[in-house]
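Quick note, the sequence shown lines up with residues 1 to 262 if you use this note's numbering.
Note that these hints are calculated values from the structure, not bench results. Be careful, since some hints might not be right.
[What the hints assert, rightly or not] Restricting the straight-line Cα-Cα distance to at most 30 Å, the calculated cross-link-like pairs of lysine-lysine (DSSO-like) are:
{"#": "1", "residue 1": "K241", "residue 2": "K50"}
{"#": "2", "residue 1": "K104", "residue 2": "K133"}
{"#": "3", "residue 1": "K18", "residue 2": "K49"}
{"#": "4", "residue 1": "K133", "residue 2": "K121"}
{"#": "5", "residue 1": "K104", "residue 2": "K203"}
[Stated by the list, open to error] Per label pair, the in silico range of CB-to-CB distance:
{"#": "6", "residue 1": "R172", "residue 2": "Q17", "range": "16 to 24 Å"}
{"#": "7", "residue 1": "G125", "residue 2": "G159", "range": "39 to 47 Å"}
{"#": "8", "residue 1": "Q196", "residue 2": "K122", "range": "15 to 23 Å"}
{"#": "9", "residue 1": "A129", "residue 2": "V94", "range": "18 to 26 Å"}
{"#": "10", "residue 1": "V185", "residue 2": "H119", "range": "42 to 50 Å"}
{"#": "11", "residue 1": "E68", "residue 2": "R140", "range": "16 to 24 Å"}
{"#": "12", "residue 1": "L202", "residue 2": "T71", "range": "17 to 25 Å"}
{"#": "13", "residue 1": "K241", "residue 2": "H119", "range": "37 to 45 Å"}
Remember, predicted model here, so these are calculated numbers, not experimental data. We put the beta carbon where it would ideally sit given N, CA and C, even for glycine.
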Amino acid sequence: MAEATFKTESNMPRQPQKPQTIRTLTETTFTKAIAVRPFYNIYGVDTSKKWASQRIMNECAALEFIRENTTIPVPRVIETGESEDGTYLTVERVEGIELGEIGKQCRQLPIYGYLLDGHQKKDCGACQAVANKNAANFIRETMLPQLAALRSSVSVFNGVVIPPPWVTEHDRRADWIPKVLDQPVFVFCHGDLGPQNLMCDLKTLEICWVIDWENAGFYEEEFLHLWAVDSNSYYEMYGNKDQLTTLIAFLEQNEELRSTED
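Could you build all of it, start to finish, from the sequences and the hints given here?
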């Protein structure tokens, strides 16, 4: 495991840091660029994303792979390239709102000037509960069965292993060695399936798009069931040390499986 880099108060950046990931919206497109540069948290620890360029190319490949092999709704890729902000991916702009944003206001139309029981104009927990339930059903009934059918005997996709963010924030090693087996036991996973990456239709409160596939890849089936529809459950995955230990054990290269290096 790579050692974390700490910065002292005397050499901490004095100017606001430029985000490593730059997101740009136009009327018809969405562009994400990831630069190769450090990004320090409030404790002076470099928490920048590793494999910046590979992440973008991995997401591009994942989007096309999902569009070709499933009915899971994902944005259409327009182009990839290099810019001053790093390697970038441009996709079509999709309609909808992040799942976690639904409850900021009521999404139901008033009836004779009144909202339905349990609903309120702002901070509408009722609307958020409906959207969360719809999202959970979508994941269980639409996403997981289709992803589970996409299998590989190698735990790598598009030439790189990019584990979920809760793993890479805990374990900062330089790279992860893929495993090769005789049977296709690895399933395709989103890798960061939380409310920020599920887009909802404002009228139906149903999931209409699944975005941000940069951590996608082939993993043990246990990874397929790591998802959340609310922020609290999502961030619990970052702090669940027992679960992280188990996931890292799955990811680590076992000596008897090192067929790629024999």
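Exercise for the section: Could you grab the alpha-carbon distance between K104 and K203 and see if it respects the 30 Å cut-off? Expected result: Answer holds: K104 to K203 is near 15 Å, not above 30 Å.
Exercise for the section: For K241 and H119, compare the CB-CB distance with the range 37 to 45 Å and indicate the outcome. Expected result: Holds, since K241 and H119 (Cβ atoms, about 39 Å apart) stay within the stated range.
Handout entry: Given pair status - K133, K104, alpha carbons within 30 Å
Key = holds (17 Å)
Handout entry: Outcome for the supplied range 18 to 26 Å, where the beta carbon pair is A129 and V94
Key = holds (24 Å)
Problem - C-beta pair Q196, K122: status relative to the range 15 to 23 Å that was hinted - result: holds (21 Å)
Exercise for the section: Could you check the hint for me, namely that E68 and R140 are 16 to 24 Å apart, CB to CB? Expected result: With Cβ atoms ~23 Å apart, the hint holds.
Exercise for the section: Can you let me know if the beta-carbon spacing of R172 and Q17 is within 16 to 24 Å? Expected result: Taking Cβ atoms as reference, R172 and Q17 lie about 18 Å apart, which means the hint holds.
Exercise for the section: Take the C-beta atom of G125 and the C-beta atom of G159, compute their distance, and say whether it sits inside 39 to 47 Å. Expected result: Hint holds: Cβ distance 44 Å, inside 39 to 47 Å.
Practice task
Decide if the proposed pair is consistent with the structure: K133 and K121, CA atoms, cutoff 30 Å inclusive.
Solution key: holds (20 Å)
Practice task
State, for the Cβ atoms of L202 and T71, whether the hinted interval 17 to 25 Å holds or is violated.
Solution key: holds (22 Å)
Exercise for the section: May I ask you to test the hint 42 to 50 Å on the CB atoms belonging to V185 and H119? Expected result: Roughly 46 Å apart at Cβ, these two residues keep to the hinted range, so it holds.
Practice task
Take a quick look at whether K18 and K49 sit within 30 Å of each other, Cα to Cα.
Solution key: holds (14 Å)
Violated hints are absent here; each numbered hint is respected by the structure.
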